[in-house]
Amino acid sequence: AAGVIQSPRHLIKEKRETATLKCYPIPRHDTVYWYQQGPGQDPQFLISFYEKMQSDKGSIPDRFSAQQFSDYHSELNMSSLELGDSALYFCASSPSTLRGTGELFFGEGSRLTVL
Amino acid sequence: SQQGEEDPQALSIQEGENATMNCSYKTSINNLQWYRQNSGRGLVHLILIRSNEREKHSGRLRVTLDTSKKSSSLLITASRAADTASYFCATDAPGGYQKVTFGTGTKLQVIP
Chain A
72 AAGVIQSPRH LIKEKRETAT LKCYPIPRHD TVYWYQQGPG QDPQFLISFY
122 EKMQSDKGSI PDRFSAQQFS DYHSELNMSS LELGDSALYF CASSPSTLRG
172 TGELFFGEGS RLTVL
Chain B
55 SQQGEEDPQA LSIQEGENAT MNCSYKTSIN NLQWYRQNSG RGLVHLILIR
105 SNEREKHSGR LRVTLDTSKK SSSLLITASR AADTASYFCA TDAPGGYQKV
155 TFGTGTKLQV IP
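One line per chain: the protein sequences are A and B, in this order.
FYI, our numbering numbers position 22 of the first sequence as 93, with every residue one higher than the one before it.
FYI, our numbering numbers position 112 of the second sequence as 166, with every residue one higher than the one before it.
Hints should not be assumed to be uniformly reliable.
Said to hold, decoys possible - Keeping only pairs whose Cα atoms sit at most 30 Å apart, straight-line, the calculated DSS-like set for lysine-lysine is: (1) B:Lys110 with B:Lys123; (2) B:Lys153 with A:Lys93; (3) A:Lys84 with B:Lys123; (4) B:Lys110 with B:Lys124; (5) A:Lys123 with A:Lys93; (6) B:Lys153 with B:Lys80; (7) B:Lys80 with B:Lys123; (8) A:Lys128 with A:Lys93; (9) B:Lys153 with B:Lys110; (10) B:Lys80 with B:Lys124; (11) A:Lys128 with B:Lys153; (12) B:Lys161 with A:Lys128; (13) B:Lys123 with B:Lys153; (14) B:Lys124 with B:Lys153; (15) A:Lys128 with B:Lys124; (16) B:Lys110 with B:Lys80; (17) B:Lys80 with A:Lys128; (18) A:Lys128 with A:Lys84; (19) B:Lys161 with B:Lys110; (20) B:Lys124 with B:Lys161; (21) A:Lys123 with B:Lys153; (22) A:Lys86 with A:Lys128; (23) A:Lys123 with A:Lys84; (24) B:Lys124 with A:Lys93; (25) B:Lys123 with B:Lys161; (26) B:Lys80 with A:Lys84; (27) B:Lys161 with B:Lys80.
I should point out that these hints are in silico values taken from the structure, not numbers from a laboratory.
Starting from the given sequences, assemble the full structure and let the hints guide the process.
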């Protein structure tokens with residue numbers, strides 16, 4: 072079965088550079104989530120999209136932006152990178168239900184290292 | 055601030071024993087979910103319990119939910135070495151279907 076695809080899996084950048092992460096959700100899933108997980112930390116909710124429209128925002132820095140395209144893939148853009156941005160970035164997708172959030176399906180993550 | 059707080063943060067048990075992890079949250083919820091994460095890997099969904107449910111079972115997993123205390127517990131029975139992982143609870147909120155917040159996680163080690 073198709074899973075959530077994230078690319079690249081690993082990315083190394085210098086401080087102040089820009090990075091773009093991509094996410095391809097499971098077909099027919101209408102919600103996409105982005106999470107940031109630092110070493111030994113819990114996943115922090117960044118932002119979500121429902122049917123290509125931004126839905127909810129969490130602790131996403133102003134230097135970060137995201138969007139969902141017409142083919143439902145999503146991109147997380149991070150500018151002016153800082154050392155503290157080094158983390159695993161997860162994308163998840165979910166089908167919506169009539170009774171709250173359904174199961175989230177996670178990709179394997181993109182590991183960003185900022186030097 | 056975190057919506058969910060896990061307790062304990064780390065747990066080490068022998069294979070065959072039961073493992074219990076607890077989660078507390080702060081606001082009202084629609085659903086509470088439990089996820090498992092192997093080191094450096096993506097999270098995997100284990101079980102979802104709705105706010106009007108009190109207990110749910112799935113194989114060796116048993117989840118309870120007490121909305122009056124804003125807490126949930128995950129019981130893994132007859133643990134195996136392969137259960138070694140971090141376990142997180144996650145909650146959404148009424149009107150916030152697209153915002154799912156994770157707690158701090160319990161790191162479980164099952165010793166063969």
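Here is what the structure says about each hint:
A distance of roughly 17 Å separates the Cα atoms of lysine 110 of chain B and lysine 123 of chain B; the hinted pair therefore holds under the 30 Å criterion. Between lysine 153 of chain B and lysine 93 of chain A, the direct Cα distance comes to roughly 20 Å. Compliance with the 30 Å bound is thereby established for this hinted pair. With a C-alpha separation of about 45 Å, the suggested pair lysine 84 of chain A and lysine 123 of chain B falls outside the 30 Å cut-off, and the hint is violated. A C-alpha spacing of about 16 Å is found between lysine 110 of chain B and lysine 124 of chain B, which places the hinted pair at or below 30 Å, so the restraint holds.
Proposed proximity of lysine 123 of chain A and lysine 93 of chain A is supported: the alpha carbons are some 14 Å apart, at most 30 Å. A C-alpha spacing of about 15 Å is found between lysine 153 of chain B and lysine 80 of chain B, which places the hinted pair at or below 30 Å, so the restraint holds. Annotation: proposed proximity of lysine 80 of chain B to lysine 123 of chain B holds, straight-line Cα distance about 9 Å (limit 30 Å). With a CA separation close to 18 Å, the supplied pair lysine 128 of chain A and lysine 93 of chain A stays within the 30 Å bound.
Under the criterion of a C-alpha separation no larger than 30 Å, the hint pairing lysine 153 of chain B with lysine 110 of chain B is consistent with the structure, at around 23 Å. A distance of roughly 7 Å separates the Cα atoms of lysine 80 of chain B and lysine 124 of chain B; the hinted pair therefore holds under the 30 Å criterion. For the hint linking lysine 128 of chain A to lysine 153 of chain B, the alpha-carbon distance of about 8 Å falls within 30 Å, and the restraint holds. A C-alpha spacing of about 28 Å is found between lysine 161 of chain B and lysine 128 of chain A, which places the hinted pair at or below 30 Å, so the restraint holds.
Restraint check: the Cα-Cα separation between lysine 123 of chain B and lysine 153 of chain B comes to about 22 Å, which is no more than 30 Å; the hinted pair holds. Note on lysine 124 of chain B and lysine 153 of chain B: the hinted pairing holds, with a Cα-Cα distance of about 18 Å set against a maximum of 30 Å. Distance check on the hinted pair: lysine 128 of chain A and lysine 124 of chain B sit about 23 Å apart at the alpha-carbon level, within 30 Å; holds. Between lysine 110 of chain B and lysine 80 of chain B the CA atoms are separated by roughly 21 Å; this keeps the pair inside 30 Å, and the hint holds.
A threshold of 30 Å between alpha carbons decides the hint, and for lysine 80 of chain B with lysine 128 of chain A the separation of about 18 Å falls inside it, so the pair holds. This hinted pair checks out: lysine 128 of chain A and lysine 84 of chain A have alpha carbons roughly 25 Å apart, not beyond 30 Å. Using a Cα cut-off of 30 Å, the hinted pair lysine 161 of chain B and lysine 110 of chain B holds, with the two alpha carbons roughly 22 Å apart. About 21 Å separates the Cα atoms of lysine 124 of chain B and lysine 161 of chain B, which keeps this hinted pair within 30 Å; it holds.
Pair hint lysine 123 of chain A plus lysine 153 of chain B holds up; C-alpha atoms about 15 Å apart against a cutoff of 30 Å. Restraint check for lysine 86 of chain A and lysine 128 of chain A: the C-alpha separation of about 25 Å stays at or below 30 Å, so the hint holds. Annotation: proposed proximity of lysine 123 of chain A to lysine 84 of chain A holds, straight-line Cα distance about 28 Å (limit 30 Å). Distance restraint check for lysine 124 of chain B and lysine 93 of chain A: the Cα-Cα separation of roughly 36 Å exceeds the 30 Å cut-off, and the hinted pair is therefore not satisfied.
For the hint pairing lysine 123 of chain B with lysine 161 of chain B, the CA-to-CA distance comes to about 23 Å; that is within 30 Å, so the pair holds. Restraint check: the Cα-Cα separation between lysine 80 of chain B and lysine 84 of chain A comes to about 37 Å, which exceeds 30 Å; the hinted pair is violated. A distance of roughly 22 Å separates the Cα atoms of lysine 161 of chain B and lysine 80 of chain B; the hinted pair therefore holds under the 30 Å criterion.
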